[in-house]
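Residue numbers (my numbering), protein chains in the order written: chain A, 2 to 436; chain B, 1252 to 1878.
If you're looking for bench data, these hints aren't it; they were derived computationally from the structure.
Each residue gets a CB set at the ideal place from its N, CA and C atoms; glycine is no exception.
You may find that some hints are simply not true.
Said to hold, decoys possible - Selected chain A positions facing chain B (in silico; Cβ < 8 Å): (1) THR7; (2) ALA30; (3) ARG34; (4) ALA47; (5) ARG48; (6) VAL413.
What the hints assert, rightly or not - Calculated Cβ distances over 10 Å to all of chain A for the following chain B residues: (7) HIS1301; (8) PHE1437; (9) GLU1477; (10) ARG1487; (11) LYS1542; (12) GLU1582; (13) GLY1623; (14) LEU1638; (15) CYS1662; (16) ASP1698; (17) HIS1713; (18) VAL1726; (19) GLN1748; (20) VAL1771; (21) VAL1775.
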Amino acid sequence: MASVVTLPFQLTAPPAEWSKPSSTGKISAPVKRTLYAAGPSYISAARRQLLNRTFEQDDEATHEHRQAQVEKAQAEKGEELYPGLGEEVEDPALLKMDAKEWKKQDHYAVLGLGDYRYTATEDQIRVAHRRKVLRHHPDKKASGSSGTNDDSFFKCIQKAFETLLNPETRRQFDSVDRAIEDFVPNAKSVKPEEYCDVYGPIFAREARFSKKQPVPSFGAMDATKQEVEAFYDFWYNFDSWRSFEALDKEVNEGSDSRDEKRYMEKKNKAERARLKKEDNTRLREMVDMVLASDPRIKRFRAEEKAARDAKKGAAAGGKGKPLTLAQKKAEEAKKAEEAKKAAEEAKVKEAEEKAVTNIVSESNYFQPEGTTPSASTVEKQLTELDTLFELLEVDESRELKDVVEKAGKGDVARDAIKAKASVAAGRGGQFEQFA
Amino acid sequence: MNVTTAQTSPSLTHYTLSASVLHISFVHFSSCINFGQSYASIAVIGKEGHASCIANEDGERQIACAISYNGEEVYIGNGAKPQLVKNGNNTIIGFRNLLGHTYDEVDHTAVFGAPLIPTSETPAYTVDVLVTPPAPSAPSTRAGSTAPSGAATPAPREPEATKKTISVPEVTTLFLSTLFQSASDFLGVSPTGTVISCPAWFSAEQREALKSAAAKAGIPVLQILEETAAVLVGYRVGLTQEREERALLGQPEEGHKGEREDRDKTVVVVDLGETSLNVAVCKTGEGEYVKLAQGRELNLGGKSFDDLLCQHFAKEFTKKTKVALTIPCTESSSQADKRAEAKLRLAVEHTKRSLSASSGAATCAVESLKDGMDLSGSINRMRFDGLAASVYRKVADKAKAVITEAGLDICQIDEVLLAGASTLFPGLSAHLSLVFPPTTPVTSALDPAEVIAIGCALQALHLSELPAELKVEDVLKLAESPVDTTAAPIGIVVPGQSNDDLLNAVVVPSGLALPVRRRVEIPVAQGTEKVAFEVWEGKDEVKVDIVEKAEKTADDEEDEYSDEEDEPEEVRTPITKKTTLLAGLELALTDKSAKSVLFEVVVRKGGKVDLRLWQSGKESEAAVASI
């Protein structure tokens, strides 16, 4: 910026005889001299030269730069850190709190961080504490109008600050923060279109316990399958830091008995483990329930099935169109009928086989009279009969039975069987006795 | 250069080691070390952006530039100075000025301190040290050891006396690294940039040597800055507003210069170190510093005062005890004399400091100065000023000589800035005030012992705040070779108001680096419809008036006893005569209520001049002329 110096004389109108000179001279040639590379003005000159700026351009640039700096400074100054934090109107009930009961107090409420809770940063805690202390310091109260010297609330503030500043104790408190609701609506009663709006915040709330951050969000209705699956995977592998030290029953400080102390400690530990387990179960069940009626999962299933059917339809040679309901039904009925028929046929065949077998056994398995057929022969013959009837068509088997029954005992029956066996051999059967 | 003095005395010149800067969030940390021939100081930029001189871990703001090897111990700084008495051969002092020189170039006679050895090219010292030999690499035997490891118990090893050779750059590196460490410790972080000062007469090689020595010490060097420039930056000369706000103005006996800072000034920097005097005449155009002339006087500095005090006390000692003591010593002096001088010099330094600090008498006491006799004496300020009058005169004479060399007259000097711890004597500034006109302030608003360090720290701050598109090297390169400056002043002549052949006002003085822009506001008489004036190039001259004092003093009773009553007094005033008419400017005032007009002169690099004249607020309707 160009500085301006005021000259110590006044200009008046020029005398009448004065006229603007027409001939003008030149200034003497510049002289080379050493310049010290020092000072802010040198740097300004260097800036103009290096960036090829004229005085006016540089003025403008510097002015803009300064303006930006001033605005920035003002923004920083004007925007007091966390405005209003710790300056809210306090609940009279809170102010009357007994410092001895500090374990039961809501530390966030005491510091005026009720709206922030577990999201409050360390800076916010410090700022809130400082403002609270400024308001409630006993020295201030003693000199104030009330004249009381009750520093109970001040002690509460200090306790709250201590608890919240230590990350470990803060987690213990956050674990059992009653001010955060833990109600989970039943998934069945939630309308599918509201599903994400209802459960999104609930999972976000639960996510504060995760050791792993960030936690995948519940997502919207149009989330992809991968997103939804990743979400449920995360929640089925949820690693929680939630712990329940804050609910410990207090060891009787007056008691000197070590045994008693140990007993209490043991009990507390067991209780903590129980609560932790309970909490894990609660979460598990919640995830199960939400997953079970997640409309998105249903949508994915339907889509998958449709895709499968479409594939099938295409393979069947159709135009790739899925079958209509009537067609489907007809097909099913047909299938059922066929099955029924097959079952009936099998029954018939079985009866026929039995009849033939009877005759075969009456014929002493086609062994000479008076001899007892060897067990292996009997078995082979029976097995071959089984195979035979399996391979024969219904009418063929009926024919065989009729022939055999007509022939009764003897070689005629055997020949009949053999004849059919040769037919069956053509279909893959293997026969020795009836070859 | 004065190497002899540097070596032979615990001298007090300054090395200025520069400043370092680090940005942490929105806070600048900057540190700077002023590293002199005999003393160094460190300055840092605090959170508020103010530069201040800090004390090192021993609580010293002025850190002696001395390194002493004593057995296994190494003393650096003020702890090394007493070693001069008994351990002079192993104490290294006055090493800065040897930087960048070869052995043959420097004077190598040493009376005190370690002598230079004629090795290779770099001047080097050899000192006796005790070194504990390294433990044998392998244990000699496994058997016979009770230790579980089976290793033999190491035998206690006696340190062995050896010779150590250390070159001047190495000494400098060692010393600078301790200074840098102090700055880092103070800031809590290692500074990221440093500006190191050097004397004006340092050659390019010497600057390079200093830079590389500092780099070896792990110091990020931004710039090697001349002490004169550091002083100007430290005082923020020419930066009108800043200087006034920080109350850095000197207080002259008369005139307005104690209340407001002029935009363009001619300044003399008197830098009186321990071993030499450096005077520079500079033009400070709105904070841009152009060197007009400079001069250096060897063997004039704090050491001269030491010598005077030593001689004074030695005489007193001889008178009281009848023990002969000749000071200063030469190389052929007896050992007893040399030791006595070393002792006396240490003691005299304290005397010197108490002299400049308080107006009472300063004592000097040395036990067993020579032959078991003690010295105890005192000197008051008046006596000392009497002793030192010759030194004061020499300083003033040198300043006058340099001013003449610059083609100026003493009355054209706007301000005298003092730097260097030796200018702390009130007697010296009083003497200078008498030499210069009463309107010229002799300024020591900043502690002269610290001003260089502070200037370097500020320079480091400025360099660290460069816009992102500029690089430090590029910026510094622009001043490497001489630049164009205005040869003669440009000013205005108002028709009807000018008397003789003088300019009514100078707008652009001579000696300003080009391009230059100057703006002035000229009040306008009420009801004026048109203003006009001529722009002239001028010539600075001195008007000498002879004032007959006799008349004046007639009614002044005190002066009746004055001897000068009859002598006419010369009154010298700087004037600017007009030489060449450059242009005429006219402007019709459209706004009748206007109280002033603005006039701007821009002299561009090639010597082209642009003139503009406009009514305030109506810049678009300016009358323009170009030459």
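Which constraints among the numbered hints does this structure fail? Numbers only, ascending. 6, 9, 10, 11, 17, 18, 19, 20 and 21
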